[in-house]
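Asks: Following the hints, complete the assembly by docking chains B and C onto the known chain A.
The chain contents come next:
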Amino acid sequence: MKKNIKFVQGNEACVEGALYAGLDFFAGYPITPSTEIAEHLSHRLPQQGGKFIQMEDEIASMCAIIGASLTGHKVMTATSGPGFSLMQEALGYAIMTEIPCVIVNVQRGGPSTGLPTSVSQGDINQARWGTHGDHAVIALTASNHQDVFLMTVEAFNLAETYRTPVILLFDEVVGHMRERLILPEKDEIPLLERLRTSVPEGVDYHPYLPREDGRLPMSDFGGVHRYNVTGLFHDMWGFPSNNPGVVQGLLRHLIDKINNNTNRIARCKEYFVDDAQVLLISYGSSARSALHVVQNRRPRGERVGLLELQTLWPFPIDLIRDRCKTPEIVLVVEMNMGQILQTVKLAVDDPEKVFLANRIDGSLITPTDIRNILRVIQGRGV
Amino acid sequence: MPVKDYIRERFFPHMWCPGCGHGIVMNALIRAIEDLGLSKNEIVMVSGIGCSSRISGYLDFHTLHTLHGRALAFATGVKMGLPGLNIIVPMGDGDALAIGGNHFIHAARRNIEMTAIIMNNRIYGMTGGQYSPLSGYGTLATTAPYTNIDYDFDVVELSIAAGATFVARATTYHVQQMIDVLKKAILHEGFSVVEILSQCPTYFGRKNKMGSAVEMMAYYRDHTTPLGSKAKKENPDLIERGIFVQKERPEYCREYDKIIERAKTKGK
Amino acid sequence: MAKAKLKEHRIQTDWCKGCGICVAFCPKSVLELNAQDKVSVVRPQDCICCRLCELRCPDLAIEVVAEPEVSE
Chain A
1 MKKNIKFVQG
11 NEACVEGALY
21 AGLDFFAGYP
31 ITPSTEIAEH
41 LSHRLPQQGG
51 KFIQMEDEIA
61 SMCAIIGASL
71 TGHKVMTATS
81 GPGFSLMQEA
91 LGYAIMTEIP
101 CVIVNVQRGG
111 PSTGLPTSVS
121 QGDINQARWG
131 THGDHAVIAL
141 TASNHQDVFL
151 MTVEAFNLAE
161 TYRTPVILLF
171 DEVVGHMRER
181 LILPEKDEIP
191 LLERLRTSVP
201 EGVDYHPYLP
211 REDGRLPMSD
221 FGGVHRYNVT
231 GLFHDMWGFP
241 SNNPGVVQGL
251 LRHLIDKINN
261 NTNRIARCKE
271 YFVDDAQVLL
281 ISYGSSARSA
291 LHVVQNRRPR
301 GERVGLLELQ
311 TLWPFPIDLI
321 RDRCKTPEIV
331 LVVEMNMGQI
341 LQTVKLAVDD
351 PEKVFLANRI
361 DGSLITPTDI
371 RNILRVIQGR
381 GV
Chain B
1 MPVKDYIRER
11 FFPHMWCPGC
21 GHGIVMNALI
31 RAIEDLGLSK
41 NEIVMVSGIG
51 CSSRISGYLD
61 FHTLHTLHGR
71 ALAFATGVKM
81 GLPGLNIIVP
91 MGDGDALAIG
101 GNHFIHAARR
111 NIEMTAIIMN
121 NRIYGMTGGQ
131 YSPLSGYGTL
141 ATTAPYTNID
151 YDFDVVELSI
161 AAGATFVARA
171 TTYHVQQMID
181 VLKKAILHEG
191 FSVVEILSQC
201 PTYFGRKNKM
211 GSAVEMMAYY
221 RDHTTPLGSK
231 AKKENPDLIE
241 RGIFVQKERP
251 EYCREYDKII
261 ERAKTKGK
Chain C
1 MAKAKLKEHR
11 IQTDWCKGCG
21 ICVAFCPKSV
31 LELNAQDKVS
41 VVRPQDCICC
51 RLCELRCPDL
61 AIEVVAEPEV
71 SE
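Protein chains in written order, with the numbering used here: chain A, 1 to 382; chain B, 1 to 268; chain C, 1 to 72.
The following block holds chain A by itself, in its conformation from the complex:
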């Protein structure tokens, strides 16, 4: 077997992607089903001079990666639902202070302690609105290990581009399942490095004044520019301000920098979408079952297609509206009570043709589950 082919868990694929992207600082706390990410990184990071720390809880983990990012590192933490709940406060801080970082949530069943070892996709809306206040956020997902790798690299690139936390919403099945991963060669995937200011020492540096292209060059702590970072609304130097113009300007910037680039951030995969009469929309492990349905029914002449979402937030409204125009039935396949279903309904012209195929019992939704629900919708009986 070739050296660059591995047979790994999804969590390991995430680790490989993160290291490929240049991760050199990780802080985390053990939690099923994400723990393998911490375990592997505790092993791998110091081998290449990077750092791993197991903090006292998920709150501290999220805070620690923000601190390390300010010293110029590419940083990540990984958790699952309960830990992700604890991280929300500091996630909002990273959004407000525009600190690049990556947060992995390998989803399990919730609410509360829920189903630690079972699959769910119940944290989609938490990723969007878990932290308080108006904000925009980037959340990516993947259904197989090659994509876990790619989306992890993508998460680091987007975090640097938009100076924002990026959430990777994997799920227990993807995290724990083993399959083949082909490691890309060095330089095969473009990597985005941190944009640092060229303002020389002694010249006024504005850490929070966006350039014309919207990007904000950073200056590492310990460097020649001493500035303030605060979770309060702040001016272009980073100092607290409650001036209405400053407040509105910052909030609009935080939201616009992401939402105005929705189409640029949107990643998806399309299978037989062009002529689909029935369009399945899915993501994560449930998209594997959806894809199976498509591959199984196409040879039988059924015009079923799949739109697999890889960017969940900002929600790719234009893409969804466009692809949902011609199909007669749009079936959202997910393992929650319809979190993406609702956003799809909002995006399309005729929401009454959008249906939900879900499973919320901790088991992976199967192709048969999807087929059965589709038959009911089509009036073909169970």
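Just so you know, these hints were derived from the structure itself, not from any lab. No false leads were mixed into what you were given.
Listed next, with one range per pair, are the computed distances between beta-carbon atoms:
#1 D361(A) with A161(B): 38 to 48 Å
#2 Q248(A) with E67(C): 49 to 59 Å
#3 G249(A) with K4(B): 27 to 37 Å
#4 Q248(A) with A231(B): 52 to 62 Å
#5 N260(A) with G211(B): 55 to 65 Å
Here are some, though not all, of the chain B residues that point toward chain C, as calculated from beta-carbon distances under 8 Å:
#6 V3
#7 P13
#8 G19
#9 N27
The structure displayed is predicted, hence computed values, not measured ones. Every residue, glycine too, gets a C-beta built ideally from N, C-alpha and C.
Replies: Same frame as chain A, but now just chains B and C:
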């Protein structure tokens, strides 16, 4: 004025109340840093939320004003990220020991090199005078109108038990001692805790009929004593000041460097 | 060593909040609060340059400037 080299002058006069002890702590901290001759570029001040935490905005270092109670967790990331930096973490009593209590004991346990300053005014000032974990039994606060039944932590004992390798206490009255202790804490290779008995005349003082800032400082003058003094034996109620612990134990970041070495040799 | 001799107290009046800490703890009663509740130097000749007022000022509003020391 030498202190002006260390402050962000445009934000002065500061927002603290007249007679607030936090200004005295800031004053002493500036003197300590000046005496040590540290470069402003190598100092990162990480603070949480509260009156005390506003100190970071006033000082011309790399400053990180974070979340309530979380300053030490952020600081841990900064220090691990760039161990050459000098990390100073000013915190209030509620910030450090209520919401931030867990981070506090774990930072102490790791012995990660940074200076935790607990500006203990025994009250939540920013929110208007609620009792804190250091208010103490029998005190009054806006949330303890019938007197407080919560006992307080002894910060020194707690820090020692948690593993801090430098533990000291000073007061805003004893400024020279405070400067001296802060200097030693900053130089210490490990996790340093300096508790500074500070005064909040606006809330704690008024609620508990302690009088003005002057009277509250006079109280610290009259009710504290140097560590190991004869006076303490005669009057056990006196609060001791000084350096309680100053010992060597491997520092966290240096230990992690060894991990990197081990991983690199083993990985080959 | 010669004793430090006072040159002047530099007072940043707009920063002074009139808490009176410097006045109360001056060992030589050099300072007083004026009618506007700001610190003022009333007995400079008594100042021993201990700088406790400067160090205890929560508002960073006082600087004690001594004459350059000359050995006797």
